[in-house]
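Trainee: Chains as they are written, first to last, in the working numbering: chain A, 24 to 134; chain B, 11 to 122.
The hints are simulated quantities; they were obtained by calculation from the structure and are not laboratory data.
Computed from a predicted model, the values in this text were never measured in an experiment.
Do not take every clue at face value.
Unchecked claim - Pairwise CB distance ranges (calculated):
| hint | chain 1 | residue 1 | chain 2 | residue 2 | range |
| --- | --- | --- | --- | --- | --- |
| 1 | B | PHE79 | A | LYS79 | 18 to 26 Å |
| 2 | B | LYS67 | A | TYR53 | 21 to 29 Å |
| 3 | A | SER131 | B | ARG118 | 29 to 37 Å |
| 4 | A | ALA76 | B | GLY50 | 16 to 24 Å |
| 5 | B | THR17 | A | LYS79 | 32 to 40 Å |
| 6 | B | TYR20 | A | ALA76 | 21 to 29 Å |
Said to hold, decoys possible - Which bits of chain A does chain B cover? Going by a derived footprint, with three or more residues having C-beta under 8 Å, they are:
| hint | region |
| --- | --- |
| 7 | 78-91 |
| 8 | 97-103 |
| 9 | 124-130 |
Glycine residues also receive a C-beta, built at the ideal position from the N, C-alpha and C atoms.
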Amino acid sequence: GNSVTQMEGPVTLSEEAFLTINCTYTATGYPSLFWYVQYPGEGLQLLLKATKADDKGSNKGFEATYRKETTSFHLEKGSVQVSDSAVYFCALLTYGQNFVFGPGTRLSVLP
Amino acid sequence: KAGVTQTPRYLIKTRGQQVTLSCSPISGHRSVSWYQQTPGQGLQFLFEYFSETQRNKGNFPGRFSGRQFSNSRSEMNVSTLELGDSALYLCASSWAADGTNTFGSGTRLTVV
């Protein structure tokens, strides 16, 4: 079945550091890929998405590129802020199948 | 516009009881999906409804059920509660069932 693997962390960075959270997937068919973020005490929010190979999703300074050849969708941000501290989930959806989330990566950004 | 509303926010139930959780989607959204979030299992898909029809179901026992009404509001029911059902239950809605979900804040269920 479909699955998502991501670094579980926690990841601790200083403010203005570069962020990479790795995500790889296994899927049948042609999945859409997502990054969701969960701030403390809240539900998930869609951060970005990509629906086909080589698409780049971007939002709030975060970017991720759909790499079919490496089955990856790594999340990056050039300069993190304290307010980016949250749990980040990589996820995929294939038509007719269930939404699958990775285990989540907790990010802590220190001032 | 109003977001996804889940009620109640917190719930404490005893083993063996049943519980019903409610979700009001964003106006105009026809797809509602439910997820269970626990520290051990992470986020797991429960089921998805689109225009009152269940389209997908996750790998959960039959004690977990749901439904969607004509106004797109949805409920999920868990019967014969077990301690392991303690979790944060998240509801999400979308217009096109394409994964671009808006999530509610969740209902935290504690089974004692």
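Trainee: Holds or violated: 21 to 29 Å for the Cβ distance of B:TYR20 and A:ALA76?
Mentor: violated, 43 Å
Trainee: Does the Cβ pair B:LYS67, A:TYR53 satisfy 21 to 29 Å?
Mentor: At 22 Å between Cβs, range holds.
Trainee: Should the hint that B:THR17 and A:LYS79 are 32 to 40 Å apart at their CB atoms be regarded as holding?
Mentor: holds, 38 Å
Trainee: Under 8 Å between beta-carbons, do enough residues of the region 124-130 of chain A, three at least, approach chain B for the coverage claim to hold?
Mentor: The restraint on the region 124-130 of chain A holds, since 4 of its residues have a Cβ under 8 Å from chain B and three suffice.
Trainee: Within the assertion that chain B covers the region 78-91 of chain A, do at least three residues meet a Cβ-to-Cβ distance smaller than 8 Å?
Mentor: Check failed, 0 qualifying residues.
Trainee: Three residues or more, CB to CB closer than 8 Å: is that satisfied between the region 97-103 of chain A and chain B?
Mentor: Answer violated; 0 residues pass the 8 Å Cβ test.
Trainee: Given a hinted range of 18 to 26 Å, is it respected by the beta-carbon distance of B:PHE79 and A:LYS79?
Mentor: Once the Cβ atoms are compared, 39 Å apart, the range 18 to 26 Å for A:LYS79 and B:PHE79 is violated.
Trainee: Per the hint of 16 to 24 Å, is the separation of the Cβ atoms of A:ALA76 and B:GLY50 within bounds?
Mentor: violated, 34 Å
Trainee: Cβ-Cβ distance between A:SER131 and B:ARG118: within 29 to 37 Å?
Mentor: For A:SER131 and B:ARG118 the Cβ distance comes to about 23 Å; the hint is violated.
In terms of the numbered hints stated before, the structure departs from hints 1, 3, 4, 6, 7, 8, listed from lowest to highest.
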